[in-house]
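Chemist: Here is what each chain is made of, one letter per residue.
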Amino acid sequence: GQNIDQPTEMTATEGAIVQINCTYQTSGFNGLFWYQQHAGEAPTFLSYNVLDGLEEKGRFSSFLSRSKGYSYLLLKELQMKDSASYLCAVNLGSNYQLIWGAGTKLIIKP
Amino acid sequence: DSGVTQTPKHLITATGQRVTLRCSPRSGDLSVYWYQQSLDQGLQFLIQYYNGEERAKGNILERFSAQQFPDLHSELNLSSLELGDSALYFCASSEDPGNTEAFFGQGTRLTVV
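Protein sequence lines correspond, in order, to chains A and B.
Under my numbering, residues -7 to 102 are what the first sequence spells out, in order.
Under my numbering, residues 1337 to 1449 are what the second sequence spells out, in order.
Simulated from the structure, these hints should not be mistaken for laboratory data.
DSSO-like cross-link-like pairs, simulated, lysine-lysine; straight-line CA separation at most 27 Å:
| hint | chain 1 | residue 1 | chain 2 | residue 2 |
| --- | --- | --- | --- | --- |
| 1 | A | Lys49 | A | Lys60 |
| 2 | A | Lys73 | A | Lys101 |
| 3 | A | Lys73 | A | Lys97 |
| 4 | A | Lys97 | B | Lys1345 |
| 5 | A | Lys49 | A | Lys68 |
| 6 | A | Lys73 | B | Lys1345 |
These figures come from a predicted structure and were not determined experimentally.
Take the sequences, apply the hints, and build the full model.
Modeler: Here's what the structure looks like:
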């Protein structure tokens, strides 16, 4: 079966750094997406990792280790607007299907 | 604005009824995806179409069906509705079937009473 695990909820302080982990066990792998979703709104694209390593994009970075079935999203200089759910999704590759994690709800406190 | 349009935004209907949700993808996008998101749950992939043809199928119930028309808009039909079908239904589109960023519509909130 396909399985993606993320922590259900995390809390962090404004201005700090937080790392949101995602582990996956899937029948195929052709890349991993991170999306941000504010409550009641549509998910928006953050990053896409295909190869191992760290990709930085402003305050957000995403890391992938294919051998470990592991990814993380690193958010720096946290702002109140970063309070949202963060979803990771694996591209299975064979039939272009994406498998989504349940999401991590990030709460930012002043 | 992602460029993906979903209608209606809200829908309230009774159990046993049938509804149709509509999605217009971004201009130039050939692939359309449908997702269901129940309260405080993750996204559940339902079905994907690419250029009018079904490309991938996820956890879509037999009571649900979808199609993509020649003008690339898509419709998701939900029939014999049950209380548990109450959810946000998202449509997303992308240029090709995979490996590219998908853009999501604002969703249709379906409430079955």
